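Residue numbers (this note's numbering), protein chains in the order written: chain S, 1 to 120; chain R, 1001 to 1383.
Worth flagging that the hints you see were computed from the coordinates, not collected in a lab.
Certain hints may be false.
With beta-carbon atoms standing in for the labels, derived distance ranges [claimed, not checked]:
| # | chain 1 | residue 1 | chain 2 | residue 2 | range |
| --- | --- | --- | --- | --- | --- |
| 1 | R | Y1380 | S | V17 | 50 to 60 Å |
| 2 | S | P50 | R | F1078 | 51 to 61 Å |
| 3 | S | D88 | R | E1148 | 50 to 60 Å |
| 4 | S | Q24 | R | E1223 | 30 to 40 Å |
| 5 | S | S104 | R | L1314 | 38 to 48 Å |
| 6 | R | D1173 | S | D88 | 46 to 56 Å |
| 7 | R | Y1380 | S | P50 | 39 to 49 Å |
If you want the ones that stay clear, here's a sample from chain S, every Cβ over 10 Å from chain R, calculated [stated by the list, open to error]:
| # | residue |
| --- | --- |
| 8 | Q70 |
| 9 | K97 |
| 10 | I100 |
| 11 | T117 |
All values derive from a computational prediction rather than experimental measurement.
The beta carbon of each residue, even a glycine, is placed where N, CA and C say it ideally should be.
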Amino acid sequence: MLKFTPEHEWLRIDGDVAVVGITQHAQERLGDLVFVELPETGKSFERGAPAAVVESVKAASEVYAPISGQVVETNQSIVTDPALVNSDPMGNGWFFKLKIADRSEIDSLIDENAYKTLLG
Amino acid sequence: MAINASQSGLKRTPLHDLHLAMDARMAPFAGYELPIQYPLGVLKEHLHTRAAAGLFDVSHMGQIALRPRQGNLADIAFGLERLIPTDVIALAAGRQRYAFFTNADGGILDDLMIAHCGDHLFLVVNASRRAADEAHLRAALSPICAVEVLENRALLALQGPAAEDVLVRLAADIAAMRFMDVRVLTIAGSECLVTRSGYTGEDGFEISIAAADAEKLARELLENPSVAPAGLGARDSLRTEAGLCLYGSDIAENTTPVEAALEWAMPKVRRRTGARSGGFPGAEVILQQLDTGPAKRRVGLRPRTRTPIRAGSLLFAEASASDPIGTVTSGGFGPSLGGPVAMGYVPLAFAAHDAGLFAQVRGTRVPVEVTDLPFVPHRYKRT
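With the sequences and hints as input, model every part of the structure.
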């Protein structure tokens, strides 16, 4: 199940784990990424809390936890090569996996069509 | 994640339509709507400028002509030296110089370029300071000269190692110019005031041209495959790598030229033992700092990790220290270095090359090393 947030994150939900990344639109707006900072495995986030940082040449931006949960895995390959987020944001450019704390939060996420409508 | 939306209701440059036609991402800067980047992106625009040539629209910069009322340019030069701690009198016709206006405390009111154009002086000042500079010049120089803000002109900067090759095809006399030369040349059918200078650390030119002719010239330059349009994003990363100051960030009214490590722009003739020593606002403070050293000093900062350190980050002597010793004034990722670069102010005792400090980034302390500026060597054509 693929879900999105209006803050340009995507989630691929598989059982009680959600893989989180940023959208194609987000990577386009940010431009070439030169630095990624990921959360530590084991850390828990409330929904909407800043969980990761991405930086382009000109600015730093936060990536929020789209739902509450505990980080169970992070994608170190985007730390080594931030450009992976630009080239494959929905695939190999994923950020972290969250163990879902509250499944009811999934209902408030939007689907791909709603996200595309939001982009206009 | 948060993404800033663009804004409107701002002044536009003569190249506005061209920027939109090239799909630039526009953003407000100093009251203007300016291109931050083009589809190529900041990173590649930066690298392209260092490898070939980038074309920047810097028409927001203030262009001011000082014309003598009685035909004597030396009087203007003498008058300007009352405002500026450089040697304006010895500035030869056809030459340009970097300088700054100082205040009574020795702080910097603005930094600027002064070009001697034979019958007048041509100044380029920061957009955010244009009105204040104009008032400052009028108050001091009105009896001597007309202070004319040139409103209907664009300013294009063509920067990078291919800039000469590109321009020489349109104006052969370009090849004879050295760094900081100024010439009036006809380029693509338009009379232009050209200086061999810029804000990237590269060889390059700034071209002042009538607003009505600017787009035609820009399009002609862009036809050359060596030239890519470059926005303010790349301009900022290029000048940071080159160790050049941004007014309002790295220099301001509360930083002196000595604190800012800009004393190289103050020739001996205006220093303590010079023939025209002092006589500019804040001279006592500035000359004293030249003698005994300033309390704080602008330095290069090279982060030891890959974390970019941005303007506003506090600097600490130790990882666990509670009181900051300084502040980062510019910083980000340097594409040509492939890593983060920054500059900021630290007490003189910490300004030595290789001093190890810590910058606070999102609540954690990141090790940084004090380093010489520039990060990327300047490649000006001095001979």
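Checked hints:
| no. | hint | in the structure |
| --- | --- | --- |
| 1 | R:Y1380 / S:V17: 50 to 60 Å | holds (56 Å) |
| 2 | S:P50 / R:F1078: 51 to 61 Å | holds (57 Å) |
| 3 | S:D88 / R:E1148: 50 to 60 Å | holds (55 Å) |
| 4 | S:Q24 / R:E1223: 30 to 40 Å | holds (32 Å) |
| 5 | S:S104 / R:L1314: 38 to 48 Å | holds (41 Å) |
| 6 | R:D1173 / S:D88: 46 to 56 Å | holds (50 Å) |
| 7 | R:Y1380 / S:P50: 39 to 49 Å | holds (43 Å) |
| 8 | Q70 | holds (21 Å) |
| 9 | K97 | holds (18 Å) |
| 10 | I100 | holds (20 Å) |
| 11 | T117 | holds (17 Å) |
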